[in-house]
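Q: Letter by letter, the chains look like this.
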Amino acid sequence: MKRAALLALALAVLVAPAILPWDFYVNIATQVLIAAIFALSLNLLVGYGGLISLGHGAFLGASAYAVIFLTTRAGMAQLPAAACAVVFATFLAALFGPIALRASGLGFLMITLALGQIMWGVAYRWVEVTGGDNGLSGFTRPQPFGLDLSSPHAFYVLALLVFGCSFAFIALLVHSPFGAGLRGVRDQPRRLRALGFDTWLIRYAAFVIAAFWAAVAGVLWAYYNQFVSPHVLSLTNSAEVLLMVIAGGAGTLFGPVAGAVIVVLLKNVASAYVTRWMMLLGIVFVVIVVFMPEGLVPGLARLRRRSTGGVARPRTEGA
Amino acid sequence: MTDGPRLPDGGRVTAGRDAAGTSAVTAALEIEGLSKSFGGLPAVRGVTLQIAPGERRLLLGPNGAGKTTLFNLITGDIHADSGIVRLGGRDISRLRPHRRAHLGLARTYQVITLFSSDTLLHNLTLSLLGVSASRWNPLLPLSRRDDLRERALALLERVGLSQVAERKLSETSYGEQRRLEIAMALAQEPRVLLLDEPFAGLSREERRDMQQELSRIPREVTMVMIEHDLDVALSFADRIAVLHQGQVLVEGTRTEVVADARVQEIYLGA
Numbered sequence: 034m035k036r037a038a039l040l041a042l043a044l045a046v047l048v049a050p051a052i053l054p055w056d057f058y059v060n061i062a063t064q065v066l067i068a069a070i071f072a073l074s075l076n077l078l079v080g081y082g083g084l085i086s087l088g089h090g091a092f093l094g095a096s097a098y099a100v101i102f103l104t105t106r107a108g109m110a111q112l113p114a115a116a117c118a119v120v121f122a123t124f125l126a127a128l129f130g131p132i133a134l135r136a137s138g139l140g141f142l143m144i145t146l147a148l149g150q151i152m153w154g155v156a157y158r159w160v161e162v163t164g165g166d167n168g169l170s171g172f173t174r175p176q177p178f179g180l181d182l183s184s185p186h187a188f189y190v191l192a193l194l195v196f197g198c199s200f201a202f203i204a205l206l207v208h209s210p211f212g213a214g215l216r217g218v219r220d221q222p223r224r225l226r227a228l229g230f231d232t233w234l235i236r237y238a239a240f241v242i243a244a245f246w247a248a249v250a251g252v253l254w255a256y257y258n259q260f261v262s263p264h265v266l267s268l269t270n271s272a273e274v275l276l277m278v279i280a281g282g283a284g285t286l287f288g289p290v291a292g293a294v295i296v297v298l299l300k301n302v303a304s305a306y307v308t309r310w311m312m313l314l315g316i317v318f319v320v321i322v323v324f325m326p327e328g329l330v331p332g333l334a335r336l337r338r339r340s341t342g343g344v345a346r347p348r349t350e351g352a
Numbered sequence: 015m016t017d018g019p020r021l022p023d024g025g026r027v028t029a030g031r032d033a034a035g036t037s038a039v040t041a042a043l044e045i046e047g048l049s050k051s052f053g054g055l056p057a058v059r060g061v062t063l064q065i066a067p068g069e070r071r072l073l074l075g076p077n078g079a080g081k082t083t084l085f086n087l088i089t090g091d092i093h094a095d096s097g098i099v100r101l102g103g104r105d106i107s108r109l110r111p112h113r114r115a116h117l118g119l120a121r122t123y124q125v126i127t128l129f130s131s132d133t134l135l136h137n138l139t140l141s142l143l144g145v146s147a148s149r150w151n152p153l154l155p156l157s158r159r160d161d162l163r164e165r166a167l168a169l170l171e172r173v174g175l176s177q178v179a180e181r182k183l184s185e186t187s188y189g190e191q192r193r194l195e196i197a198m199a200l201a202q203e204p205r206v207l208l209l210d211e212p213f214a215g216l217s218r219e220e221r222r223d224m225q226q227e228l229s230r231i232p233r234e235v236t237m238v239m240i241e242h243d244l245d246v247a248l249s250f251a252d253r254i255a256v257l258h259q260g261q262v263l264v265e266g267t268r269t270e271v272v273a274d275a276r277v278q279e280i281y282l283g284a
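First to last, the sequence lines map onto chains P and W.
According to the working numbering, the first sequence is numbered sequentially starting from 34.
According to the working numbering, the second sequence is numbered sequentially starting from 15.
Take these hints with a grain of salt, some might be off.
Claimed, not checked - With beta-carbon atoms standing in for the labels, derived distance ranges:
id: 1; chain 1: P; residue 1: Ile-151; chain 2: W; residue 2: Arg-230; range: 21 to 27 Å
id: 2; chain 1: P; residue 1: Leu-313; chain 2: W; residue 2: Ser-131; range: 42 to 48 Å
id: 3; chain 1: W; residue 1: Arg-181; chain 2: P; residue 2: Ala-43; range: 30 to 36 Å
What the hints assert, rightly or not - With the Cβ distance kept under 10 Å, some of the chain P side facing chain W (calculated, not the full set):
id: 4; residue: Ala-187
id: 5; residue: Leu-191
id: 6; residue: Val-195
id: 7; residue: Gly-212
To be verified - Derived list of chain P stretches under chain W, where covered just means 3 residues or more per stretch with a C-beta under 8 Å from a C-beta of chain W:
id: 8; stretch: 48-55
id: 9; stretch: 275-289
Keep in mind the hints are simulated off the structure, nothing from the lab.
Beta carbons are placed, not taken as given, at the ideal position from N, Cα and C, and that holds for glycine.
The task is simple: from the sequences and hints, build the whole structure.
A: Rendered as structure tokens:
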């Protein structure tokens, strides 16, 4: 019963922006969804694969640049441009993967950071293609089947659909045999190898899949902003999404979504009142880490269990 | 696990005790001139061993003799500097660890290396998945794999763990975890099973249980065991190899090895 009520509430929250009249909040909801897709994709690496990346923004950025470049500069139609952008960013991950996965742990973090910075450098310096510091503009949202996505509400619905797909895919994946292998790589890579799993290939596959969904988020990001500049490839962007995953709860399905809500809300709403919203974000992050080191979603679940005095349930997320 | 282990090339397993030296039967596991140094310090020096199909081989040796390193070299966890490892006659020296597992090599670890936040059932399921092509399936929920679940439960039953199947590993006893290790290794239906101190840290009763467990493993599975507890180990072994400073010091039957003066000096007597 409680579960059904919770589900109904979640659905209501998701559907509400599509019908409510306030454009400002609808746009924020859209931003949350895009950030959530991005965070969900990174969570595959960070939460389930134990691979902490500081360069995940590279794939969102590459895809955003590609879709805008292909439509505004190369004159490609919207749909093929979007598809090409996703393929391009995923392919980039397929190239980056073998370099980044030379190491795990701190090594992986540093290599992804470096690769991300290279992407930023390219976007900043390769002015002919990327427009350099000015970025690329003049981009408009597509109008698939005569639907005008320029309205905040219509675009929210699109983002919601894509979010639904990505969430469903990742939920399936983490509960599949592949997902079990991925968590096994995180917990006992050596053991998993001895059991017959190709640990490197599992990590590589996860890296590419994560980049694919980041690229999907990148296309939405480009539609939403209708503009791209090197900022999208900056370290801040990669760090922000990592923050969402860790603050929300790495290795849980809802954690990254909660993280995306917090970061996007703070960024948009709090910044209207406080100029140093980054500082506020930092404080919120510190508070979460101090009181719920496992992240907001698992942390709240733990507190609730304690308050209801119930028997500690086995973590369903692990099954 | 109802069906028996895979046999090399479909060949029949013969009692392997006297086959070790002869070439009549292809050795289940053959090691030739295996060497490994860590930073100039030799850990394993030119070890050559032949283990016949169905044999129970014991590796003895003081700490630092290179026994576990030898296991790691056989499974491919670490790369040998030189030498060859053959499984059922096939050179596996260049294969990566997971490929060796697919060819029928399973092992347990000296220090328990399991998935501690998962249930025993999940641990065993992972072991079954490791040798199944469906381990790559990204979309089918694992919870729907009733076949895997049933096989896993049957294996847990076999080692007497079915009543704790749904318990988290970290909430089970050390002895139970040791038995799970064995079940996980058997789940893979190995040809060759490497046991790294399976009795370490077990109580007297648990030792007896483990001994029974091991004695019930069919002769189709060749076993190599590292063990310090001579009471249990000697009754297990067909043949014994004593390692000392990375080299095979003595190799032979129980009586031969125990009677050997050098063994008494460096190991038993010391």
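Q: Find the hints from earlier in the document that the structure breaks and name them by number, from lowest to highest.
A: 1, 2, 4, 5, 6, 8, 9
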